[in-house]
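Trainee: Each protein sequence line maps, in turn, to chains A and B. Read left to right, the first sequence gives residues 1 to 519 (our numbering). Read left to right, the second sequence gives residues 1001 to 1519 (our numbering).
To be clear, the hints were calculated from the coordinates, so they are not data collected in a lab. A portion of the hints provided could be inaccurate.
As the list claims (entries may be wrong) - Short, incomplete list of chain A residues facing chain B, as computed with Cβ under 7 Å: (1) Arg56; (2) Pro70; (3) Asn191.
Claimed, not checked - Lysine-lysine pairs mimicking BS3-like chemistry, simulated, CA-CA at most 25 Å apart: (4) B:Lys1493 x B:Lys1518; (5) A:Lys518 x B:Lys1209; (6) A:Lys232 x B:Lys1262; (7) B:Lys1209 x A:Lys232; (8) B:Lys1112 x A:Lys262; (9) A:Lys232 x A:Lys262; (10) A:Lys209 x B:Lys1080; (11) B:Lys1305 x A:Lys112; (12) A:Lys234 x B:Lys1080; (13) B:Lys1209 x A:Lys262; (14) A:Lys317 x A:Lys289; (15) B:Lys1042 x A:Lys42; (16) A:Lys209 x B:Lys1042; (17) B:Lys1028 x B:Lys1080; (18) B:Lys1289 x A:Lys232; (19) A:Lys234 x B:Lys1209; (20) B:Lys1291 x B:Lys1316; (21) A:Lys232 x B:Lys1234; (22) A:Lys234 x B:Lys1262; (23) A:Lys112 x A:Lys209; (24) B:Lys1475 x B:Lys1464.
Ideal placement from N, C-alpha and C gives every residue a C-beta, glycine not left out.
2 protein chains.
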Amino acid sequence: MDLTIRLKSKGGVDKYPAKSHARRFREKLGINSGIIVAAGTKNLNWPNSDMPAPFRQDRPFYYLTGCNEPDCGVSYDVDKDKLTLWLPPVDLGWHQLVYYGRGSTVEEALEKYDIDEAQYIKKDPSEADSGAEVSVHSVYCKPVSGRPRLGLFKLNAEDEAILSQQNASKPDLLRRALNACRVIKDEYEINLIRRANDITAEAHTAAFKGMHSFGNEAEVEAAFMKTCIARKAKAQAYDPIAGSGPNAAVLHYSENVAEFGKGQTVVLDAGCEVELYASDVTRTIPINKHKPGHWPSKEAEQIYKLVEKVQESCIKKMLPGNKYIEANWLAHHIVVEGLLNLGILKGDANKIFHAGVSTAFLPHGLGHHVGLDVHDVSPDPPPPAQATTSEVDRLREAYIRWKPEAGSWASELSSLENFAIGPGWHTSLSGADAPVLEPDMIVTVEPGIYFNPVLLRELLKDPKRSQFVDEEVLKRYIPVGGVRIEDDILITKKGYENLTTAPKGEEMLNIIRESARKG
Amino acid sequence: MDLTIRLKSKGGVDKYPAKSHARRFREKLGINSGIIVAAGTKNLNWPNSDMPAPFRQDRPFYYLTGCNEPDCGVSYDVDKDKLTLWLPPVDLGWHQLVYYGRGSTVEEALEKYDIDEAQYIKKDPSEADSGAEVSVHSVYCKPVSGRPRLGLFKLNAEDEAILSQQNASKPDLLRRALNACRVIKDEYEINLIRRANDITAEAHTAAFKGMHSFGNEAEVEAAFMKTCIARKAKAQAYDPIAGSGPNAAVLHYSENVAEFGKGQTVVLDAGCEVELYASDVTRTIPINKHKPGHWPSKEAEQIYKLVEKVQESCIKKMLPGNKYIEANWLAHHIVVEGLLNLGILKGDANKIFHAGVSTAFLPHGLGHHVGLDVHDVSPDPPPPAQATTSEVDRLREAYIRWKPEAGSWASELSSLENFAIGPGWHTSLSGADAPVLEPDMIVTVEPGIYFNPVLLRELLKDPKRSQFVDEEVLKRYIPVGGVRIEDDILITKKGYENLTTAPKGEEMLNIIRESARKG
C-alpha cells in the first residue's frame, strides 16, 4: 500500500520531499485522522498601484509542497496519507494569461511536485463535490486573505462553522509541530543550502576581486548581486548588507550607497536562496586603496584577527549534544580576553564578563538556525524541570555547570540584559533552555565586534561597566567601524561540516591582492 | 509673507519641491481652509518572519514631502500654508537603533526636506498639545495600518469621530485632485526622470555589450542590474523583464531564468528609479551566437523594423493638443499595413483594422504616463458633452473625426474589445475621453508585435478575424517570439523631447558587434 502511493506520487530523489515532510508532520502531531490544510501566498499588487508587490511564498505551505507558485493551497488527508495540491482556477482569463502566463496545470504539477493529487480551485463553492472533500475544497473556494494560514480539520465534518473554530484553536499546536520537523534537515534540504552557499561564495569572491577598484558600498553590492542573478539565484535570503565605515556597526544596515571615505572595513553580509533555502554568510573586507588586500590599520587587523579567533573557537563547539549557548558564552569570554590584550578594556576578565561589558561590542547572539527562513524556526524548549525556577536562575545554573570555577562570579549574573541577544531570545537557539545540538541541524556562527556609537555611549555612561574601559585606547579603535565573520555549520553525527565555502582571512586577502595586481 | 515662508522652509532648487506640490494640491482642491493629511508607509516584516518586507513609500505622501523614510506622516495646514513632517518617535529604543539606525532627526529633516516644520510623533496621544493641532497630531499617535491614507480635516474640529468621518468621505475627491497635479511634471521631477533614464540607458548598454557571451535571460538581467546597483539606483520602477523566445511574448514575464535555446530575440523591459521617479524602457535584442549584433532570421529583422517604424511614427504624434488615442490607432494601422506586406495578413486593410485583427499581435495600449508610479496616474476625463452618449459611440465619433475617410468602416466598430488596452482603459491615457496631451506630461510610446500562443489560438478560432490570416506564413514568424521598443517622451510647449537615451536599432546592433569583436 505504502509503495503504491509512492509510485503514484512520483516521489524521488529529484523532487522536493513534500510527502515525507507531510508524514513527519503527522507523526510530530501524533494524529491519525483529520485533514491538514495550508494556504500559499497570494499575488498582490502594491497598495494603490497596478504593479505586483514582491512575492514570498509562505514557508509552511512550501514545506508541505515544494511549490513556489502563487495562489495555491495544500491539503493532507492524514487517514488516507494523501497529499493534494490546489492550483488556481483552470480558467484564468485573458489578462492573466497574456500578461503573466499561467502556473502549472494539474498534469505539470503532478510531474513537478511530490504529491498524490492536484486539483484546480473552483471559483464557485457550490461547484464543490459532496462529502468530506467539500470541507477542504470549500476552504480554497473562499477568498483567501494575504496572510497565510495553517489549519487542521476533522475529517467528515460538514459544518463550516465547526471547521473554522477548529482551525482557529490549533495554529499554535500546528506551528510547534512543524517547527520541530523543520529544524532537522533532510538530505534534500542540506543539499539546497549547500548549493546556496556555493553561489554565495562565488558572489562574495566577485566582490573581493573588484575591491581594489571600488569606491563605495553600492559597487560591492553590485558585484555580489550580478553573480547571484547570473547564477539564477536572484532571490536573496535577506537584504544584502554592504556597510562600510560607521555603517559596518549598524547590524542590519541595507542602504549600501555610502562612499568609502575614511572607512577601514566593509561588512558584506549577503546570502542568496536556492529553491527558497537560505545561505547566510558574512565577510569583512579591508578598504585600502593604496595597498589592496591589506588591512588599512593595525587596529583593523587586530579586531579582524580577534573575531577570527572567536569564530574558529566557537565553530569547534558545534557538536551534537552541545548546548549552543555555551558557544555564545565562550565567544564573550574570548572577546573580553582579546579586548583586555588590546588595552581597550582593563581589570579582571571574569568581572568584566559578568558585568556584561562585552555585549557593548558584541550586542547580538552568536547565531541561529538556517533553513527555509534565514532566521529559521527553533524547536520549543522542553518544559522546565522545576516550573518554579525562573529563567534567570536556570540561565545562571546552566552557566555554572559550563564553567564551575566561575561559580562565585556567576552569582552576580543578575540581569538577563547582560546577555541580551535580541527579542525572543529565550525561545531561540541561544536560549538557556534550547535543546542541545543534533545531527542535521544547520546553524550560523557569526561573532562580530563593533564600535557602534549608540552602544558605546550607553557603555560609557554606565559606571558599573565604564570602569573597565580605557577610553583613550578605545578612541583609536572607533574608526575600525565593525567586523563580522559568519559561516553556516551543519551538525553531523560525529561533529560538524562547514557548508560555507566563501574564502575568509588570508585566503580572502590573497584574492584581493592578486586581482589588484592583474588590474 | 510668501517669501518669509519660503525662507523658513529652506525651499530651493536642490530640494524636492514638496511645498510647491502642497500649494498646487490646495489650488486643485479649491479650498482655503482645512488640514490635508497623508500617512507614509510603515516598515513591516514578511508575514510569520522577523525579516523586513520590501519597503515602498506611499506616493501621495512622497509627493507632499520628498521623504522616503518609513513610519512618517505629513500635514498641510491650508490656512497657514504650513507643511509639517511627522517623524517616528524620538526615542526609538535600543533594538531599532543598533539594528537599523534611525531616520532623520527634526533638525536633519528641516535641512533635507522642503517643509516648514518637523515634529516627532508622540507615542501617547495624551501627550499631544491642545487645540487644533491635537486633531492632526492624534492621527499620527494612533497605530497606522500598513495601508497608506490621505485625508482632509476641518481645522479646529475637536471631535475625533467627526474627523474620521470626513476623512472617509473625501479620499476620491483628494485622489482626483492629486492626480491632476501629478500628471503635469515640474522641472525637478522631469530632471529625476531624465537621470533615471540615463542610468537605465547605461544598464541596457551593459546588457548589449555582454550579449555575445550570454546564454540565458539571467545573464541579461544580471548585466542590467549590476549597472543600476553600482550607480546607486537599485530600486527598480518595476520587475525587470528579460524574456527570450516564447517568453518575449509574455508581457509582464519576470522569471528571467530561461536558457536562450532557439530563441531569436530577448525583450529587455527594465527601468530604474531615481528618488522614486520611474524610467520605463524596452529594447529588443537579437540572439545570435554565431553573428552577434545581427538578427538571427529575416523574420526577426522584419518584425523589428516594423515595430521601429510604428514607434517612430507614433513618437512624432506626441504633440501638445493631440489626443493620445490617435497615436494608438495609428500604431494599429501601421501594424496592419506591415503584416499585410509580410503576407501574415491578407485582405482589405480597413476591414482588417476594424475587425480588430491587429490586437492579437499588439494586445496592449501604446503607452501610459510615467512619474512616481511607472504606470503613473492619469487625469480624469472631462465630463462627457452629452451624458446620454455611450462610451462606444464617443469612441466611434472620435475615430471618424481622426480619419474621416474611414467613416463607413467605423460604423462596424461595435465592440470595445477590438481596441482592448487592459483593464481601466477608459480612464487611462489611451481612453477616448482622455484629456489632450499637454506640455510637461511624460508618456511612454511602446508598440510591440508578439506571437503569443494564447492570442493566436483565439485569433484563429474566430472566423471573423481568422479569414484575414495566412496561417502558413504566420507559422514562419512564430519563432520570433516578440519585439517591443519603448521610450519615455516629454511633451514640450512646441513638440516633444525623447528622454530615453538607451541606444536602439542600428546603434544598438553596432554596440553588440563592436563588443563581440573585442571579445
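Trainee: It remains to establish, for every hint, whether it holds in the given structure.
Mentor: Evaluation of the provided hints:
1. Annotation: interface hint on A:Arg56 holds; nearest CB of chain B at approximately 5 Å, less than 7 Å.
2. Residue-level restraint check for A:Pro70 is violated (minimum Cβ-Cβ distance to chain B is 12 Å; threshold 7 Å).
3. Hint status for A:Asn191 relative to chain B: violated, with the closest Cβ pair at about 19 Å, above 7 Å.
4. This hinted pair does not check out: B:Lys1493 and B:Lys1518 have alpha carbons roughly 44 Å apart, beyond 25 Å.
5. Using a Cα cut-off of 25 Å, the hinted pair A:Lys518 and B:Lys1209 holds, with the two alpha carbons roughly 22 Å apart.
6. For the proposed pair A:Lys232 and B:Lys1262, the alpha carbon gap of about 19 Å is at most 25 Å, so the pair holds.
7. For the suggested pair B:Lys1209 and A:Lys232, the alpha carbons sit about 20 Å apart, so the restraint of at most 25 Å is met.
8. With a CA separation close to 24 Å, the supplied pair B:Lys1112 and A:Lys262 stays within the 25 Å bound.
9. Using a Cα cut-off of 25 Å, the hinted pair A:Lys232 and A:Lys262 is violated, with the two alpha carbons roughly 35 Å apart.
10. Using a Cα cut-off of 25 Å, the hinted pair A:Lys209 and B:Lys1080 is violated, with the two alpha carbons roughly 57 Å apart.
11. Between the alpha carbons of B:Lys1305 and A:Lys112 the distance comes to roughly 40 Å, so the proposed pair goes past 25 Å and is violated.
12. A C-alpha spacing of about 49 Å is found between A:Lys234 and B:Lys1080, which places the hinted pair above 25 Å, so the restraint is violated.
13. As the CA atoms of B:Lys1209 and A:Lys262 are separated by approximately 34 Å, the hinted pair breaks the 25 Å bound.
14. Proposed proximity of A:Lys317 and A:Lys289 is contradicted: the alpha carbons are some 37 Å apart, above 25 Å.
15. A C-alpha spacing of about 21 Å is found between B:Lys1042 and A:Lys42, which places the hinted pair at or below 25 Å, so the restraint holds.
16. Distance check on the hinted pair: A:Lys209 and B:Lys1042 sit about 38 Å apart at the alpha-carbon level, beyond 25 Å; violated.
17. Between the alpha carbons of B:Lys1028 and B:Lys1080 the distance comes to roughly 17 Å, so the proposed pair stays at or under 25 Å and holds.
18. Proposed proximity of B:Lys1289 and A:Lys232 is supported: the alpha carbons are some 21 Å apart, at most 25 Å.
19. Using a Cα cut-off of 25 Å, the hinted pair A:Lys234 and B:Lys1209 holds, with the two alpha carbons roughly 21 Å apart.
20. Of the supplied pair hints, the one linking B:Lys1291 and B:Lys1316 is violated, its CA atoms being roughly 33 Å apart against a limit of 25 Å.
21. Between the alpha carbons of A:Lys232 and B:Lys1234 the distance comes to roughly 18 Å, so the proposed pair stays at or under 25 Å and holds.
22. With a C-alpha separation of about 24 Å, the suggested pair A:Lys234 and B:Lys1262 falls inside the 25 Å cut-off, and the hint holds.
23. Simply put, A:Lys112 and A:Lys209 have alpha-carbon atoms about 38 Å apart, too far for the 25 Å limit, and the pair is violated.
24. This hinted pair checks out: B:Lys1475 and B:Lys1464 have alpha carbons roughly 20 Å apart, not beyond 25 Å.
Violated hints for the displayed structure, listed by number in ascending order: 2, 3, 4, 9, 10, 11, 12, 13, 14, 16, 20, 23.
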